[in-house]
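**Q** Sequence:
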Amino acid sequence: MQFISFVYNLFWGDLFYLPLPNGSQLGISLLVLILIPAGIFFTVRTKFLPVRMFPEMIRISLEKNTGKEKSSVSGVQSLIVATATRVGMGNMVGVVAAVSAGGAGAVFWMWITALIGSSTAFAEASLAQIHKQKDPLYGGYRGGPAYYIHNFFDKKGKRHNIIAVLFALSGLLCWCGVSQVISNSVSSSFKNAFNIPPIVSTVILVVISAFIVLRKNTTVKVLDIVVPVMAIFYFGISVFVIIRNFSLLPEVFVRIFEEAFGIRQVAAGGFGAALMNGVKRGLFSNEAGSGSAPCAAAAADVDHPAKAGLFQAFGVIIDTIVICSCTAFIMLLAPQEITAGFTGMDLLQEAMRYHFGYAGAVFTAITLWLFCFSTFIGILFYARSNVAYLFGDSWKSQTIFKIVALVMLFIGGLATYTFVWDLGDIGIALMTVFNMLAIIPMSGQAIKCLDDYSEKTGHR
Numbered sequence: 376m377q378f379i380s381f382v383y384n385l386f387w388g389d390l391f392y393l394p395l396p397n398g399s400q401l402g403i404s405l406l407v408l409i410l411i412p413a414g415i416f417f418t419v420r421t422k423f424l425p426v427r428m429f430p431e432m433i434r435i436s437l438e439k440n441t442g443k444e445k446s447s448v449s450g451v452q453s454l455i456v457a458t459a460t461r462v463g464m465g466n467m468v469g470v471v472a473a474v475s476a477g478g479a480g481a482v483f484w485m486w487i488t489a490l491i492g493s494s495t496a497f498a499e500a501s502l503a504q505i506h507k508q509k510d511p512l513y514g515g516y517r518g519g520p521a522y523y524i525h526n527f528f529d530k531k532g533k534r535h536n537i538i539a540v541l542f543a544l545s546g547l548l549c550w551c552g553v554s555q556v557i558s559n560s561v562s563s564s565f566k567n568a569f570n571i572p573p574i575v576s577t578v579i580l581v582v583i584s585a586f587i588v589l590r591k592n593t594t595v596k597v598l599d600i601v602v603p604v605m606a607i608f609y610f611g612i613s614v615f616v617i618i619r620n621f622s623l624l625p626e627v628f629v630r631i632f633e634e635a636f637g638i639r640q641v642a643a644g645g646f647g648a649a650l651m652n653g654v655k656r657g658l659f660s661n662e663a664g665s666g667s668a669p670c671a672a673a674a675a676d677v678d679h680p681a682k683a684g685l686f687q688a689f690g691v692i693i694d695t696i697v698i699c700s701c702t703a704f705i706m707l708l709a710p711q712e713i714t715a716g717f718t719g720m721d722l723l724q725e726a727m728r729y730h731f732g733y734a735g736a737v738f739t740a741i742t743l744w745l746f747c748f749s750t751f752i753g754i755l756f757y758a759r760s761n762v763a764y765l766f767g768d769s770w771k772s773q774t775i776f777k778i779v780a781l782v783m784l785f786i787g788g789l790a791t792y793t794f795v796w797d798l799g800d801i802g803i804a805l806m807t808v809f810n811m812l813a814i815i816p817m818s819g820q821a822i823k824c825l826d827d828y829s830e831k832t833g834h835r
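Just so we're aligned, residue 376 is where the sequence shown starts under this note's numbering, counting upward by one.
Honestly, the hints are just simulated from the structure, not real lab data. There may be inaccurate statements among the hints.
Unchecked claim - FRET-style restraints, in silico, Cβ to Cβ: (1) 710 <-> 678: 48 to 56 Å; (2) 716 <-> 629: 20 to 28 Å; (3) 610 <-> 389: 47 to 55 Å; (4) 408 <-> 711: 30 to 38 Å; (5) 716 <-> 831: 54 to 62 Å.
As the list claims (entries may be wrong) - Result set (DSSO-like, lysine-lysine): computed pairs, CA atoms no more than 27 Å apart in a straight line: (6) 771 <-> 422; (7) 530 <-> 823; (8) 509 <-> 823; (9) 771 <-> 533; (10) 531 <-> 823; (11) 531 <-> 831; (12) 509 <-> 533.
By construction, the Cβ of each residue, glycine as well, lies at the ideal position given by its N, Cα and C atoms.
All chains should be modelled from the sequences, with the hints used to inform the complete structure.
**A** And the structure:
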């Protein structure tokens, strides 16, 4: 745990400080130093794609599947798989963690991270499509950062490239860490809502997950059903809460914007806490730049690589601007004296108790279970391509990693909360660093792809 804490601080700890008024300081971490400039870089290079191409994102999401491969994943299905991990655990647990540590202002910085991250998501997903391969095990296509990193750095036709290998290993580490966060969050929530011992809720989650992931092609089919229903239902409940407390909305928005810049905080460093926690959890939730979603984007059977990029850019917007905001408003529309002193999932459950009584705590536990379940199924879909890159096309290696992830899922239900968050954060930090080493110098390919799509569709 001490070693993990050291590595975590290396990426997420303060690298240097910027002086602020009133003698306070803003600590800048390595990941913020990488992701924010990269997001601005891609936003400018794509000519503000999240705004300019937003209508096109909606249009292609309503198209019918035009894929030619029978066993392939459609563009919309790739969006659903990526949305399963974005609109999943991160939307509840991640937002709660951000608000607990950084206050309401963290929500604003999550929004900013999503807006500029949407362009980054487009670039990495388009590159994944350009460099995808046929998948001899599952059918259709596979790919992701390990593959385009390999193609960029390998000039001698070797089987492996060190940067690509490090990315693939980091991804597997991240997803094992996320597996622990998933079961930890579920067991905590069910204990609070139903007083169910963590061992019981964890075993049930592991058994159901094993039934799905250890079968060949059930992952996408299950997510096709679970994710849309789950997201729409949660969105509907959130809208109900917002309408019911509509008169309080202006006060909530004022609180978000004031705390985003440390205006309301008494203690120095409030601005830094809001910024850092908003960016950190924004990344963990929408995954833009980390290289996770491109594993799903590469599997999409679309008629132009830019479409896969637009699907993933749209996924970031759905995740953070819409669903993460739902969780934030549920918490912030509850009186502060009700939620004071609570952190983690206890904070969200107390807010739901205020809005819906005991049924609110039950609803939170069940929704979190569905969100976490879909996240686990989604990350094991991601892991397919990384395992194949590292160990070749082998059912044995695919099954072994799934079993390891299931073991991590079990252990996480009984693990320390902070420890499992740090493990997931380290994995996603390493992935981001290795991914950025490729997508920034390869950005010309993604921009050329976007220009070609714009010319053919008339979206200049």
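**Q** Does the structure keep residue 509 and residue 533 at a Cα separation of 27 Å or less?
**A** The hint holds at about 19 Å.
**Q** Are the Cα atoms of residue 771 and residue 422 separated by 27 Å or less?
**A** violated (45 Å)
**Q** Is it true that residue 716 and residue 831 lie within 54 to 62 Å of each other by Cβ?
**A** holds (57 Å)
**Q** Can the restraint linking residue 531 and residue 823 be considered satisfied, given a maximum Cα separation of 27 Å?
**A** holds (25 Å)
**Q** Holds or violated: residue 530 and residue 823, Cα atoms, limit 27 Å.
**A** holds (22 Å)
**Q** Regarding the pair residue 509 and residue 823, is the alpha-carbon distance no greater than 27 Å?
**A** Holds: residue 509 and residue 823 sit about 23 Å apart, inside 27 Å.
**Q** Is it true that residue 408 and residue 711 lie within 30 to 38 Å of each other by Cβ?
**A** holds (33 Å)
**Q** Taking the Cβ atom of residue 610 and the Cβ atom of residue 389, is their distance within the range 47 to 55 Å?
**A** Once the Cβ atoms are compared, 36 Å apart, the range 47 to 55 Å for residue 389 and residue 610 is violated.
**Q** Quick one, are residue 771 and residue 533 close enough, alpha carbons at most 27 Å?
**A** holds (23 Å)
**Q** Check the hint pairing residue 531 with residue 831 against an upper bound of 27 Å on the C-alpha distance.
**A** violated (35 Å)
**Q** If you check the beta carbons of residue 710 and residue 678, does the distance land in 48 to 56 Å?
**A** Cβ of residue 710 to Cβ of residue 678: about 52 Å, so the range 48 to 56 Å holds.
**Q** For residue 716 and residue 629, compare the CB-CB distance with the range 20 to 28 Å and indicate the outcome.
**A** Hint holds: Cβ distance 23 Å, inside 20 to 28 Å.
Figure legend: structure checked against the earlier numbered hints; hints not met, in rising order: 3, 6 and 11.
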